[in-house]
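Student: As they're listed, the protein sequences go chains A and B.
First residue of the first sequence? That's 1 in full-length UniProt numbering, and the numbers climb one at a time after it.
First residue of the second sequence? That's 1 in full-length UniProt numbering, and the numbers climb one at a time after it.
There may be inaccurate statements among the hints.
To be verified - Derived DEER-like restraints, expressed as beta-carbon distance ranges: (1) A:Thr63 with B:Leu168: 27 to 37 Å; (2) B:Gly29 with A:Met1: 45 to 55 Å; (3) A:Leu168 with B:Val133: 21 to 31 Å; (4) A:Leu168 with B:Glu137: 15 to 25 Å; (5) B:Glu120 with A:Asp165: 21 to 31 Å; (6) B:Ser76 with A:Ser76: 31 to 41 Å; (7) B:Leu85 with A:Thr52: 28 to 38 Å; (8) B:Val133 with A:Asp165: 16 to 26 Å; (9) A:Leu85 with B:Leu85: 50 to 60 Å; (10) B:Ala2 with A:Val133: 51 to 61 Å.
Claimed, not checked - Pulled a few chain A residues facing chain B out of the computed Cβ check, cut under 7 Å: (11) Val94; (12) Pro146; (13) Tyr148.
To be clear, the hints were calculated from the coordinates, so they are not data collected in a lab.
Note that beta-carbon positions come from the ideal geometry of N, C-alpha and C, so glycine has one too.
Listed here are the chains, written in short residue letters.
Protein chains: 2
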Amino acid sequence: MAAVHQAALELLEDPGAEVTIPAVARRAGVNPVSVYRRWGTREGLLADVAITRLERDSPPVDTGSLRGDLIAWAQSAVEDLGTPLGHAFLHALVGSLPTTPEADAERSSHLLRRIVTIQEGIFDRAAARGEHVPAPEDVFDIVLAPLYLRVLWGAPQADPVVLVDRLLKLG
Amino acid sequence: MAAVHQAALELLEDPGAEVTIPAVARRAGVNPVSVYRRWGTREGLLADVAITRLERDSPPVDTGSLRGDLIAWAQSAVEDLGTPLGHAFLHALVGSLPTTPEADAERSSHLLRRIVTIQEGIFDRAAARGEHVPAPEDVFDIVLAPLYLRVLWGAPQADPVVLVDRLLKLG
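Looking at chain A on its own, in the form it has when it is part of the complex:
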């Protein structure tokens, strides 16, 4: 499994390479059938690789305040999304999500739960300091949604400090 993740990362970093399940399996030295069985689709595999990368930096850095922690987290998300690899991952993540309203809410909520878990380290520390903790939906709507949608749209990135201050003002 680590070999498959590693192979996917290496292919994503090679601008000339096609990132398909057969190509990833070949590079990892495993049978493509076992990759299909575990991840289902190319997008499912890349989404798993992407979230595993996010989890690697979890819990996020402790700056001593909720505002500082959120700004550091949002700034590192912006930096990550600005690289070709981060960008490819976001497209893969979105491409792996259900394409009809009815479909596959369970798979989607599993991915979302993993992303929310990454932020929980920040909120747990804020609660321990006695700070007011914002609702996860507000973090999603006010900070995460503009950062992600601006990348998907190819628009210039928002200022993470403005987004975090907006969240704390409303929270």
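Using the hints provided, position chain B relative to the given structure of chain A.
Tutor: Below, chain B without anything else, positioned relative to chain A:
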């Protein structure tokens, strides 16, 4: 061109149909080469169909106030995104956007400009009434981004009234 749009819509509405450029061209009775030449990719074609649908309802309904106009616009976006067709279009639109940070900012900004133009009817009326007009980036970040990203993520939809009131409070 209208025949190609119509054929794409009909195929998208048929759950058993594959929506490819050759299939759309066949149904429209045109040469696939001319479809490739004009739209480039399947995603480019579907994005054009999606935005043309949005433009159809433009300018948005006049309720007599900026708040009412924005709520009506956001509610109709939520309804549209909740249908299988609206959902398929959003995925196609995102799939048509550049997949590397460097790529194709011009094509992306053309799509964005068409979306912004739809909202301008609302802002022009607000300005004529003497109401304070929010910045387009704030409308994008505070209202549009959560609505669209929640659909892409398969999360339950946000309340458009909450988002619009948040925008007006901050604007």
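Student: Could you work out which of the previously given hints the structure breaks and list their numbers from low to high?
Tutor: Result: hint 9 breaks, nothing else.
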